[in-house]
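Residue numbers (the numbering used here), protein chains in the order written: chain A, 59 to 802; chain B, 15 to 218; chain C, 403 to 868; chain D, 5 to 179; chain E, 223 to 503.
Because the hints were derived from the structure by calculation, they are not lab data.
Accuracy of the hints is not assured; some may be wrong.
Claimed, not checked - Calculated lysine-lysine pairs in the DSS-like style (CA-CA distance at most 25 Å, straight line):
(1) E/246 x A/295
(2) E/246 x E/452
(3) A/94 x B/127
(4) A/795 x E/465
(5) A/322 x A/795
(6) C/423 x A/781
(7) A/759 x A/322
(8) E/230 x B/195
(9) A/736 x A/759
(10) A/535 x B/126
(11) E/282 x A/295
(12) A/795 x E/457
(13) E/457 x A/295
(14) D/36 x C/609
(15) E/248 x E/465
(16) B/133 x B/119
(17) A/322 x A/552
(18) E/248 x B/195
(19) A/94 x B/134
(20) A/760 x E/246
(21) B/127 x A/535
(22) A/795 x E/230
(23) E/452 x E/473
(24) A/94 x B/195
(25) D/7 x D/36
(26) A/611 x A/322
Claimed, not checked - Below, a sample of chain C positions facing chain B; criterion: calculated Cβ distance under 7 Å:
(27) 436
(28) 559
(29) 561
To be verified - Label pairs and their computed distance ranges (CB to CB):
(30) B/176 x D/88: 49 to 57 Å
(31) C/473 x A/765: 18 to 26 Å
(32) E/242 x A/765: 49 to 57 Å
(33) B/64 x A/728: 39 to 47 Å
In this text, all values refer to a predicted model and were calculated from it rather than measured experimentally.
Cβ atoms here follow ideal geometry from the backbone N, Cα and C, with glycine treated the same way.
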Amino acid sequence: MSSRILDRRDFLRVLGIGGAAATLAGCGNTSIESGKELVMSYVQPEDFVVPGVGVYYASTCTQCGSGCGIMGRVREGRILKLEGNPQSLISAGKICGLGQAGVQVHYNPDRLRTPLMREGDTLKPVSWEKAQASLNSRLGPASTLAGNQIAFLTGEISGHQKVMVEALLESFGSDNHVVYDALSTVTGRAASKAVIGESLPVLKIDQARMILSFGNDFLGSGVSPVYMAAQYARFRKAPRGTLVQIEPRMTLTGANADRWYAIKPGTEGVFALGLAHALLAHESYAHSLPAELEAALKPYDKDTVSEVTGVHAEAIPHLAGMLWEKSPSLVLSGPSAEGHVRGFNNAAAIQLLNLILNNRGRSLLGSAVHPFPQLVSATGSYSALVKLNQDMSAGRVQTLLLVGTNPVFTAPTFLPFANNLSKVPFKVAFVTQLDETAHQCDLVLPLLSPLEDFGTHVASYQPSGVEVQIQQPLMEKLYPETRGFGDILLELVKLRRPEVYKAFPDYYSYLKTAVTKAKPVFKATTGDDEFWEDALRSGVLRLDLPAAALESKEGASVVQVDTPRVLDTDVHYPFFFVPSVRADLRDGRHANLPWLQESPDPLTTVVWDSWVDIHPKTANEMQIREGDILEVQSATGSMRAKAYLFPGIQPDTVSMPLGQGHTAYGRYADGMGVNPFKLFDPMFDEKTGELALYATRVIIKKTGENALVVKDEGPTSLQQNRKLVATIGADQAQLAKENAHVTE
Amino acid sequence: MNVCIKKLMVWLSLWALVGSALAEPFAPGGAIGSQTDDGYNALGPVVEQPFEFPHNVHAGQMGINCMYCHTYARRSAVSGIPRLDKCMGCHKLIESVKDKPRIKKLFEYWDKKEPIPWKKVHDLPDFVRFNHERHIQRFYFREKRSIRETCGYCHGDVASMTTARRVKALSMGWCISCHQKEHLENASTTKTSNGPNDCWQCHK
Amino acid sequence: MIHTTDERDIEVERRFVPKAKDINDEIAWAQINKDVLRSMERPRMMYWVIFLASLALFSFGVYCEVRQYQSGLGMADLENPQVWGLYIATFIFWIGMSHSGTLLSAILHIMHADWRKPIYRFAEAMTTFSLMTAGLFVLVHLGRVWQFYYVVAYPNERWTWPNFNSPLVWDATAIGTYLTSSIVFLYFGMIPDLAICRDNAKGFRRKFYWLLSLGWQGTDRQWANFRVTYLTVACFLIPLAVSVHSIVATDFAVSQQPGWHITSFPPYFVAGALYSGCAAIITLFIILRYVFRFEEYMTMPILDKTCRLTFAIAMVWTYLNLIEYASVWYGSDPYAKETLIFRATGTYAPYWWAMNFLGSVVPFALAFKSLRNHIPTMMVVSLLLNLGMWLERFMIVTPTFAHGYYPWTWTGNWWPSWIQWGIVAGSFGWFTMLFMLFCKIFPAVSMYEVKEMVYHRFMARKARAS
Amino acid sequence: MSKAHTLALYSDFEEAGRAIQELKSANLQGFKMDDVILKSPIEHPELSEMLGSRPVYVQFFTLAGAVLGSSIGFTLIASAQANFLVQIRGGRPIVPLPPDLVITYELFILIGVFMTVLGCFIGWKLPGNRSPIYNTSISEDKVGILVKAEAQTIPQINEIFNRHQPLEIIGEQGR
Amino acid sequence: MSLSNLIKNWSSLRVRRPYEGQYKGKDYKWAMVIDLDACTGCNACTTACYAENNLPVVGKESFAKGQAMHWIRIERYWGPGDHMTEEFPQRGAQFLPMLCQQCEAAPCEVVCPVGATHHTPDGLNSQVYNRCIGSRYCSANCPYKVRYFNWWQYPERAWPNPLELQLNPDVTVRSKGVMEKCTFCVQRLTEAKNRARTENRLVADGEVTTACAQACPTSAITFGNLANEKSTVAKMWQAHQIKLASDVQEKDDTVRGYRIFEDLRTYPSIVYLEQVRDLEA
């Protein structure tokens, strides 16, 4: 099939545009015509190409790090739609909205089509030769760069792209691969690693009888939402599990909970410890903790905890009772619990509950050891960016390469990243579309879209065994002046290390060689070409490995237990500020996709905009109506957005969604809403040094202006006594019987 | 009284004129008046093609089955213009006609690896989705009618044309006139059925 | 000689209606011709003011429609579920307005109500032109107006037919029938007058009237056929008018939406139609009387009668309106009741209360003779009544969309865009323009019927004197 | 035996009536009551009656139109609904009676009106067949009596007219 | 022709639909089941629909005016009544994927003046764009308000080059002034039926599905052929005791299936399964 791929590219080139012209005419030609339109014809197509019939190709979604297998429907050389790949364990034939919108990355009208080079203040289009020459002169054999003078700033990255990034750095003797993630989960992972023994353990959601989640949005913006959603669907089948969510602002997962509690931001740890204290009252759990820890939990009685957290006091014994009864359970910590100064401790306290409830080995498993550690996804963090920022500020970085990240947009105000970036003499951005960071670079190279490029990926969360996901082009490239990320890096590495890489004419052959070399690991007995073709056809290489055991040295001892203390009220900044992360826009990198902009936020149904969530009770006290433009001011900055009255939020808290507020990210993103990243106060987790995203405090001021909130919801958000969504009690529904009837 | 009738006739013919003028925009693809015994005959315009493909030679003299070249007709909604390498497959080997201007032109396209910009002759409105596969499967494969009859019902006697020309109105009423006929379900039965009468078969 | 029956009639009339005479019965026939023909030549300055103003308004409407046609109905700020907006409301308004023309010309003709004679002609013209205006709204409202002929049932090359189930097709048939019948009725009743015009015109106008008068010479045979035909068409027109507005009512009543699915809608609509039409007749009466110097013919007693008729119909409408509320309130459909409460208390409550006030309270001004005889007051009152009736139609269409079955798509405070208002205003311009043109080209007062009226009174008086 | 016309104009119906009465009783040669035509600015049924029975057939056209309209209307609609492109609408039969009756009703009226007016035009003998003598004052306030008779009888008729103070007597050659 | 047809088939032309057993022995009756307990409100179906059916992105201004074009929309409710009884939505939100219910007695079909929307033999409520004149009566009469009108000439603005290359050639791009709505992805159904007919068989259960059902990460949407009693959808309809042609269902309290606005006698083809909540939590 290797030759076929190339041939396919060939015929695609011939066809690409002709087919499309016919579609749009759907509103033009309304009568019988002869001789007005051209009819498509092929020169030398593959036998399986039949005009008018769609063909599916497997690939991998790169919209987030979940690594879902996808299938693209290709017709007449155009990729039309993405579906989930049933052969992929992660997507299991399903796909989320964000993944669907992958085609709009590819067809985006604001795609960068030629290389850009800085001339004075502006970026001017240049030819590839010129861009390549500039790149070669800086990074070629004649380069004087040495060691960490060259740095590569990436977002989450895995597979052979990661290998190429590191190979390039290595050829300079640099290990300055900075992985930055604005929404990093480092704190939670660290706590999990410490308490449970694995930073990202395998969650057997479908096995749990009860899930207690502290702000973990596993159905929405969490890790691998498509896989989690399928697990959740099974969790809801008989015997139906119970989901309880505790968080300051309702997430999509919270909206699906059987019981939702609003909690004061940052007090999740206190609540968890209170719950631990209550759990220990049961004889079966009585001595599951070290005695001194158990003793330290004494002050965490339900009334104190209730006072600190703002959650009703009876919630704790009630939850404890349920957890005793419904076993195995699963306790999850999430970003809203972790993004605080004592975020690590919050997360650790939450994980402590898993220890008490003895969930390890039942609903919490260790993940398999990956046979190709070099391919494994590199986890991003905020502290990495801080370090890079210091290096840049000190002039230690001479050349910075950027891909898959937009720190100028996501870095908080107090981190003068944009300033320090200008101190780097040579900055190269690899992008499919210009963003705020690329605008500040010296050389911007247009990449092939993920649907035009080859690649391999390893999911950041691998539910069982190990997989390598294969990404292959679903379409001939749209713009001749774009190149694959792997190809560009390979060209550079070839210049530096010709002896190793000269055998590979392009990234494709490199990839093919690398993948086929791994054949023995996957216990394949077929020939190389056949193995490669099979891999492309199924889109995934899979190896079943047993789950590793979960062990941790420190365990419960990590948790610090202080005397519970009611949070101070800040007179200047009376409100807690929690950002909300939308499953589709994430940190803002997808704000350029029109489908996602027009896809209503599931909870508020707002589109194309930013807004301020405020509890109706608070709004009433402050006489705020929906659409009133509020000024949200933190110690760091202030911004304006429309008020949205949202009952799913703790009354002392306001929230704004991340991802909007772009200024240079194409027509669909620019000017839509505001960017709350610029509101964050310099608060850091005391253990990991990560930015505490949920710890900022703000004051709300009315500006006296009012504007229409653009949303799908009408003037009412209630069913008005119509039987639209009926609800039935879990004890009354007979899910098992239903299921039996259908499967019989 | 004769005067009356005469006046009446004048009035009526005047109104008929006005009526037909008004009816013109209502009748794309041929008015109802233009019927012949096999349906609605409405000769389309002559379409200038890149070069004059002789259907009469291929389908007529040689008797090549339509689906030899229009291969997709039996498995896709579109019948498809034959791919260039299909033309070349034969013409590379036919020395006798190699110097003819049309064949030279064919070779030029092949050498450039460019598709020939054929013009559509049977171009239905964009909201109409005619499916070749269904008709070929039904009438050629199942009912075992001859290929010339099957294709020719809509495309006319292509074997007598050089470049194809539209000979049927292809109006909706014409489609329905055939759909409402009773057709044999297959060659070995007397059971009949008619075409679908569901709008969504063709418009969606 | 043969006036004995008339004499008895007059006796009866004198006993019960002893007051002002409808018309000065000493007015000479030649004078009638002269007065009416003069109106077609030299109206007051006001005529041109009104005509130009309505032309300007109409041009603005055309401008709005062109913008909407080019960009799509989004220009009108229509949305899901507010899909109809002012267009359908105003459509019903104009259809309704057409009905009183038929009331005056057909029903009162059959009942031999003499006082209708000087005013029925313009009322009938009003019927025709308001129907044309209503038809315009159907077109303005369509998303693809260039395909409007799909609604018409005619054999075509697509072999398709319209959907005869749809009240809109009933509408199209009914309005088409009504419009053609009205034009026929209007024209037919005008033939003797056109002959008068022909006899008094010169040049191309003579040719024009000659053609239209179809050789009318007032022969006994012509009169006999004319009388029977006119009466028959009038008989046809009465049920037709009732059916037309009932069918318009079924646009709503046959649908399933709360606030529309109401049994009493057809009579309610018919009453509303007569009501707004009568109010419009008062308005036009006052305008024509001034503009064309028709004081001799459009006399105060006739205005008085018209006002009393309007008052009676207003009370019928009020009753049916209350019946609608009551049947919804005591009915078993919670959604319809909810919609009613929404009307009275929701976003559009001010308009709802205004409509009820204007429709049911303001007409009491017509109950006072002193007010009835005060022309400026009547002008204002008649305009207010029509505003009320327009609001009624607005209140039928908009709140049901704003607060229907499906709560998710309720609208908070939907308001039409200026394009819609422009087109609505333009429709008033179009109507007034056509109407004014008509009055200029055709006799707005039926000369031969006024002659009949004068003749009968004169003869009766003579008989009494002898 | 050539026929000629004469028209007498009177200022009111009473005089005209007396003139007709006398014409009727005069029993002249070469003249029939059927050839007397009354022309008036308004209708005067009593006077017309004196001219004898002149039946009006419009009603029959009306009846025919109404019957035709309703029967053809229903048949056309129902058979249009029953054509090959059967348009199924959920919740209704393919040929639903209430809607069809509504449209039938409208067609009944439409064709009825048209036929009535057509009947009237036929009664007027349109187009053409206009009487040769006319005076514009008839449309104003005069009553005219037009008589068609043998040319030699015309003076006698005019004599009768003259007895009743006609305003004017107009012959075919003008006054 | 038509007249003889009328006389010959009078009794069948007078049959009122729907009736019990209407699809017995028929090849297809497409239907759907949406499990509201599985639906998480993630909007994947909405985006899938945009991709499959050439739905235009209308932009912020048009969306603000209520001119959005989502054939399937996810509604989020905070409670059943007309006011919130609790301070917080303690039981989470109620998400409702609302799309055309493909009613058997669809209010929209009856009122369309030109017959642009009618019932197909497969039990779908069709919408023929090229027949539509844009009277919007169908939308006015739709109790679910799931019909969407092309208020603007979207082809001119919704797909700037090269976004138009993504358009599905099997689905007409709608111009201004026509109504559109969910079609149950009829282009997929036609393709599957076409394939099956060529192979002389019926479409198998699971062979074809709608874009929303295919995307749904929790498989909350089940699509299939109700005329085939062995299909998953038919079994689910049976399990939830829903009869297509009745407006009052006789069923057990524990059964979750219901159809929205059943009392309006629209006979929808979509059965929703009640949301389950652990009320003891």
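Going down the list of hints, with the structure as the test:
1. E/246 x A/295: violated, 32 Å
2. E/246 x E/452: With a Cα-Cα distance of about 13 Å, the restraint between residue 246 of chain E and residue 452 of chain E holds, given a limit of 25 Å.
3. A/94 x B/127: The given pair, whose Cα atoms are some 24 Å apart, holds under the 25 Å limit.
4. A/795 x E/465: Cα-Cα ~19 Å, so holds.
5. A/322 x A/795: violated, 41 Å
6. C/423 x A/781: violated, 66 Å
7. A/759 x A/322: The hint holds at about 21 Å.
8. E/230 x B/195: Distance ~17 Å between residue 230 of chain E and residue 195 of chain B Cα, so the pair holds.
9. A/736 x A/759: holds, 18 Å
10. A/535 x B/126: With Cα atoms ~21 Å apart, residue 535 of chain A and residue 126 of chain B stay inside 25 Å; holds.
11. E/282 x A/295: Not OK: residue 282 of chain E and residue 295 of chain A at ~39 Å, beyond 25 Å, violated.
12. A/795 x E/457: holds, 12 Å
13. E/457 x A/295: Given pair residue 457 of chain E, residue 295 of chain A holds - Cα atoms ~17 Å apart, limit 25 Å.
14. D/36 x C/609: With a Cα-Cα distance of about 34 Å, the restraint between residue 36 of chain D and residue 609 of chain C is violated, given a limit of 25 Å.
15. E/248 x E/465: holds, 16 Å
16. B/133 x B/119: holds, 16 Å
17. A/322 x A/552: Roughly 55 Å separates the two Cα atoms, so the pair is violated.
18. E/248 x B/195: holds, 21 Å
19. A/94 x B/134: Cα-Cα ~7 Å, so holds.
20. A/760 x E/246: violated, 64 Å
21. B/127 x A/535: OK: residue 127 of chain B and residue 535 of chain A at ~19 Å, within 25 Å.
22. A/795 x E/230: violated, 49 Å
23. E/452 x E/473: Holds: residue 452 of chain E and residue 473 of chain E sit about 21 Å apart, inside 25 Å.
24. A/94 x B/195: violated, 32 Å
25. D/7 x D/36: holds, 12 Å
26. A/611 x A/322: With a Cα-Cα distance of about 32 Å, the restraint between residue 611 of chain A and residue 322 of chain A is violated, given a limit of 25 Å.
27. 436: Interface hint status for residue 436 of chain C: violated (36 Å vs cutoff 7 Å).
28. 559: At about 5 Å, which falls below the 7 Å cut-off, the nearest Cβ of chain B leaves the hint on residue 559 of chain C intact, so it holds.
29. 561: holds, 4 Å
30. B/176 x D/88: 49 to 57 Å: violated, 37 Å
31. C/473 x A/765: 18 to 26 Å: Between residue 473 of chain C and residue 765 of chain A, where Cβ atoms are some 24 Å apart, the hint holds.
32. E/242 x A/765: 49 to 57 Å: At roughly 53 Å between Cβ atoms, residue 765 of chain A and residue 242 of chain E fall inside 49 to 57 Å, so the hint holds.
33. B/64 x A/728: 39 to 47 Å: holds, 45 Å
Hint compliance for this structure: hints 1, 5, 6, 11, 14, 17, 20, 22, 24, 26, 27, 30 are not met, and every other hint is.
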